[in-house]
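Model the placement of chain L with the ligand on the given structure of chain H, informed by the hints.
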Amino acid sequence: MSKEIEVPELGFFALIRYAWRQLTSMRTALILLMLMGIAAIPGSLIPQRITNAVAVRDLFAANPELAKWYDRFSLFDVYGSPWFSAIYILLFISLIGCVLPRTVEHYKAMRAQPPATPKNLSRLEHHQEFKGGEKSLERAQDWFKAHRFRVRVEGDSISAEKGFLRETGNLLFHLSLILILVGVSFGSLFGMRGEAIVSTGERFINVATSYDTLSFGKLTGEDSLSPFEIRLDKFVGEYDPKTNAPKDYTAWVTVKDNGKSYKSVMKVNKPLTFGNTRVYLQANGYSPVVTVRDSQGNVALQGPIPFLPQDGNLRSIGAIKVPDAEPQIGFVGSFVPTNARTTGQGAISIFPELLDPKLLFSIWKGDLGLDSGVPQSVYRIDTNTLEKVGLGSVKPGETFTYPEGSITLETVVPWINLQIVEDPGKSYALIGGIVAVLGLLSSLYGRRRRIWVRVNGERVEVAGLAKNSAPGLEVEMQKFVSAIRGEK
Amino acid sequence: MQTTWAYVSNYFVYSAMAVFTISFIAHAFETAFAVRAPEVADSTDGSLLTKTLDYKRTEKTARIATAMMILGFILLLAGIIARGISAKHVPWGNMYEFSITGALAFTGAYLAALRKYDLRWLGLFVSISVLLTLGTAITLLYRNSAPLVPALKSTWLVIHVIAAIISGGVFLLANVVAAAYLYLERVEERGARPLWLQRVPSLEVLDQLSYRLVAFVFPLWTFAVIAGAIWAESAWGRYWGWDPKETWAFITWVAYAAYLHARVTVGWRGRRAAWLCIFAGSTFLFNYVYVNVWGTGKHTYSGL
Ligand code: HEM
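These protein sequences, in sequence, are chains H and L.
Numbered by my numbering, the letters in the first sequence go through residues 2 to 489 in order.
Numbered by my numbering, the letters in the second sequence go through residues 10 to 313 in order.
Derived by calculation from the structure, the hints in this document are not laboratory data.
Errors might be hidden in some of the hints.
[Unchecked claim] 20 Å max Cα-Cα, derived EDC-like pairs, lysine to aspartate or glutamate:
1. H:K109 - H:E168
2. H:K468 - L:E213
3. H:K396 - H:E411
4. H:K264 - H:D234
5. L:K162 - H:E239
6. L:K97 - H:E488
7. H:K219 - H:D78
8. L:K97 - H:E239
9. L:K125 - H:E477
10. H:K271 - H:D249
11. L:K125 - H:E475
12. H:K389 - H:D368
13. H:K268 - H:E239
14. H:K243 - H:D357
15. L:K162 - H:D241
16. H:K389 - H:E327
17. H:K136 - H:E459
18. L:K162 - H:D372
19. L:K97 - H:D241
20. H:K136 - H:E488
21. H:K268 - H:E168
[Said to hold, decoys possible] Cβ-Cβ distance ranges computed for the label pairs, FRET-style:
22. H:L190 - L:L206: 51 to 61 Å
23. L:V214 - H:R103: 37 to 47 Å
24. L:R152 - H:N64: 33 to 43 Å
25. L:V214 - H:H128: 18 to 28 Å
26. H:D143 - L:R202: 42 to 52 Å
27. L:S211 - H:H128: 21 to 31 Å
28. L:I90 - H:N64: 47 to 57 Å
[Stated by the list, open to error] Some chain L residues judged to face chain H by a derived CB distance under 10 Å, without partners named:
29. Y16
30. D127
31. L161
32. K162
33. T164
34. R247
35. W249
36. P253
37. T256
38. W257
39. T261
40. H270
C-beta atoms are modelled at their ideal positions from N, C-alpha and C, and glycine is treated no differently.
Next comes chain H alone, as it looks inside the complex (with noise of 0.2 Å):
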């Protein structure tokens, strides 16, 4: 038989009270703290979702049985995963429940008197006792005053306090955390994030169509979009000759917002303002100008055709595909911008600049499969049941002409993606951490102390002690008692 095991009998809102009081101790605070820093680890060693789609992909891929298990315990989406939000919403419950008392505390004591004199003051730290004048307890006053303590006057002694800047900014430190977190959750919740491509001369017009990519948070939708268009008119980038490292992306472009035209510069760090709505110079590309005709020399297909970068020098491949041509034709086309005079098949591209572009494509004939209704890219062509017509390559200016029609490279001109992010939270997350730091530094570096000075004829008696033992009090004493004393 087992001992039974008496257990207080709690009521409902006692347990409550309980649960509330454990949330909010410290010590359940600081393993929720350590709890977060731990799970945030295997979303920096797993790839996820948000950073690095295609790592999920290929996982997937290599080893589906055990990317199902990662992903049944969200580790691919760790930072939205359920028990991620669990421990950092427990966690600020604790932090709310825990500075929310304390502040109102603390406004209480910033507000109340110093505590009274002690009556014997050589039980206490720094304890001095010497010879005074009738003067001591005014010199006292006037010294606690330029010092600017907060001072208790009875009689014969001063109780004074000073240093609430250190607990004001602790509190202001923890209450700017929950500023962050409540910027954080305002911006996931009313943002949005998409991204365009744009290629030199067109434009992109901020609604939902013309965006590639486009998501919203959890409480907001397609009419928060503000109305402004930006026409890319020209954009450069600059490479080293050595490294062929980038050195410089310069997009100018023309804005048209609230019925304002005007000219603008985009680079990698400066992006376009709209209220809470940013745009951001984000990647680059080249996008080849194609005419593509038919046999009777009917034009069928004419526009930049974005093309997807491959490598450092720009290597790309894209996918030309022209549906209004009988039969419809498609070119998987590969782009380089300074092509490498190699005697092999395949196209290299030894410099990201356009010194000598050649674009390089097999032509294919037959359903592209467009109206099928199953989501493309538009930068590859399914060709399984497509029929090869040939392969070719064009230079600027040249036709490469095939049975069932020709096409031209007419140009090559630059594009760039824009992500266009909207984050009305993030202000208040930018507040937050100014007041984190400005809190902090109050808190680590004030120091609390209390002074106390009595005088009793001719004797002068004082004491001090500081809070969390902190250093320099000595000193402070040492002044305060030649002051007492007149010395200078």
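Structure of chain L with the ligand alone, referenced to chain H:
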């Protein structure tokens, strides 16, 4: 192709390494020769306990050791400035440049702390760590100085990196002190300290010192993370994206916050606090080494 300034920078870095080597040797000599051998007459019972420490004998060596440390600091600083001139931007574009700047910050943190505390015993560890860092940097991590990728062209980069590197230097110094604490505690458990360790301050002082160092730079580290977020916002359109580098910066921040809480609010001292301090510092190192070299994400540039 290397510019003349890049060569000048390399010469400075090599000279700094030579000077740090001298400093290391001087620190070693200082400790070794302060031990005064027992007078022959005294040692009839064969006891070694009559050995004494006399730092007056090695005061000169000690001065040389510190002077060399300062000279090394200046040479390294010159090397970093020359590197910046050669690249025409602040020299924080790749891991080689981060490493030599980190070594500078670490030396600087030591020299600054030396003004306030009697820390000369630490010089041996500092000089050897700096030597190892510089050696690794120049042999394994060296890259020709190159232009910055466009995303790195930002004032916030400069601010963020300065803050992060200084924080790193001080965090690592705190780690060395905490490690010294743990080692000495083990030694003292077995009995009295051997002679060569007698100059190292008491356990209590070490314990306090590592806390002071962390408390001193924690706001700076917080600021570094925020400056990084501001920079990310203007370059990538989001201030926080859980990129591996950002994630580990956050983990480091949380680990140090936990350390401060454990000390200030729960009252941890001594061994447990030292281990927590070392753990927090390791997350910083891990971020630097692992995420830069093997990681993926937006913070891995220019092939290191
Ligand atoms: C999330 C990250 C957190 C960080 C970075 C942080 C940071 C700090 C720091 C640096 C101190 C030391 C201030 C001093 O020297 O007096 C401190 C103190 C304190 N923290 Fe936190 N904190 C965090 C979360 C929390 C949470 C969730 C709670 C609530 C349960 C909390 C409650 C406290 C309390 C009560 C103190 C005062 C300790 C004292 O003065 O004795 N903190 N915090």
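Against the structure, the hints come out as follows:
Distance restraint check for H:K109 and H:E168: the Cα-Cα separation of roughly 13 Å lies within the 20 Å cut-off, and the hinted pair is therefore satisfied. With a C-alpha separation of about 19 Å, the suggested pair H:K468 and L:E213 falls inside the 20 Å cut-off, and the hint holds. With a CA separation close to 9 Å, the supplied pair H:K396 and H:E411 stays within the 20 Å bound. Annotation: proposed proximity of H:K264 to H:D234 holds, straight-line Cα distance about 9 Å (limit 20 Å).
Between the alpha carbons of L:K162 and H:E239 the distance comes to roughly 14 Å, so the proposed pair stays at or under 20 Å and holds. Proposed proximity of L:K97 and H:E488 is contradicted: the alpha carbons are some 57 Å apart, above 20 Å. A C-alpha spacing of about 17 Å is found between H:K219 and H:D78, which places the hinted pair at or below 20 Å, so the restraint holds. Simply put, L:K97 and H:E239 have alpha-carbon atoms about 16 Å apart, close enough for the 20 Å limit, and the pair holds.
Taking the CA atoms of L:K125 and H:E477, the gap is near 19 Å; set against the 20 Å cutoff, the hint holds. Using a Cα cut-off of 20 Å, the hinted pair H:K271 and H:D249 holds, with the two alpha carbons roughly 12 Å apart. A threshold of 20 Å between alpha carbons decides the hint, and for L:K125 with H:E475 the separation of about 17 Å falls inside it, so the pair holds. Between the alpha carbons of H:K389 and H:D368 the distance comes to roughly 12 Å, so the proposed pair stays at or under 20 Å and holds.
At roughly 12 Å between alpha-carbon atoms, H:K268 and H:E239 fall within 20 Å of each other, so this suggested pair holds. Restraint check for H:K243 and H:D357: satisfied, since their Cα atoms lie roughly 18 Å apart, inside the 20 Å limit. Distance restraint check for L:K162 and H:D241: the Cα-Cα separation of roughly 15 Å lies within the 20 Å cut-off, and the hinted pair is therefore satisfied. A hinted pair counts as satisfied when its Cα atoms are at most 20 Å apart, and H:K389 with H:E327 qualifies at roughly 15 Å.
Between H:K136 and H:E459 the alpha-carbon distance is near 10 Å, which keeps this suggested pair within the 20 Å criterion. As the CA atoms of L:K162 and H:D372 are separated by approximately 45 Å, the hinted pair breaks the 20 Å bound. Under the criterion of a C-alpha separation no larger than 20 Å, the hint pairing L:K97 with H:D241 is consistent with the structure, at around 13 Å. Distance check on the hinted pair: H:K136 and H:E488 sit about 13 Å apart at the alpha-carbon level, within 20 Å; holds.
Taken as a hint, the H:K268 and H:E168 pair is broken in the structure, with Cα atoms around 44 Å apart against an allowance of 20 Å. For H:L190 paired with L:L206, a C-beta distance near 58 Å keeps the hint of 51 to 61 Å intact. With their beta carbons about 32 Å apart, L:V214 and H:R103 fall outside the hinted range of 37 to 47 Å. For the pair L:R152 and H:N64, the beta carbons lie near 34 Å from each other, so the given range of 33 to 43 Å is met.
Between L:V214 and H:H128 the Cβ separation comes to about 25 Å, which falls inside the hinted range of 18 to 28 Å. Separated by about 50 Å at the C-beta atoms, H:D143 and L:R202 satisfy the suggested range of 42 to 52 Å. Under the hint 21 to 31 Å, the C-beta atoms of L:S211 and H:H128, about 26 Å apart, fit the expected range. At roughly 49 Å, the beta-carbon separation of L:I90 and H:N64 lies within the given 47 to 57 Å, and the hint holds.
Because the beta carbon of L:Y16 sits about 16 Å from the nearest beta carbon in chain H, more than 10 Å, this interface hint is broken. A least Cβ separation of about 16 Å between L:D127 and chain H goes past the 10 Å threshold, and the interface hint is therefore violated. With a least beta-carbon distance of about 9 Å to chain H, the hint placing L:L161 at the interface is held under the 10 Å criterion. Nearest Cβ of chain H to the Cβ of L:K162: about 6 Å, under the 10 Å cut. The hint holds.
For L:T164, the suggested interface contact is upheld, since its CB lies about 9 Å from the closest CB of chain H, less than 10 Å. At about 7 Å, the closest approach between the beta carbon of L:R247 and any beta carbon in chain H falls short of 10 Å, and the interface hint on this residue holds. With a cut of 10 Å, the hint placing L:W249 at the interface with chain H holds, because the nearest CB-to-CB distance is about 7 Å. Interface hint at L:P253: satisfied, since its Cβ lies 4 Å from the closest Cβ of chain H, which is below the 10 Å cut-off.
Of the supplied interface hints, the one on L:T256 holds, with its beta-carbon coming within about 4 Å of a beta-carbon of chain H, less than 10 Å. With its C-beta approaching chain H no nearer than about 6 Å, L:W257 sits inside the 10 Å limit, and its interface hint holds. Hint on L:T261 holds. Least Cβ distance to chain H is approximately 9 Å, under the 10 Å limit. Residue-level restraint check for L:H270 holds (minimum Cβ-Cβ distance to chain H is 5 Å; threshold 10 Å).
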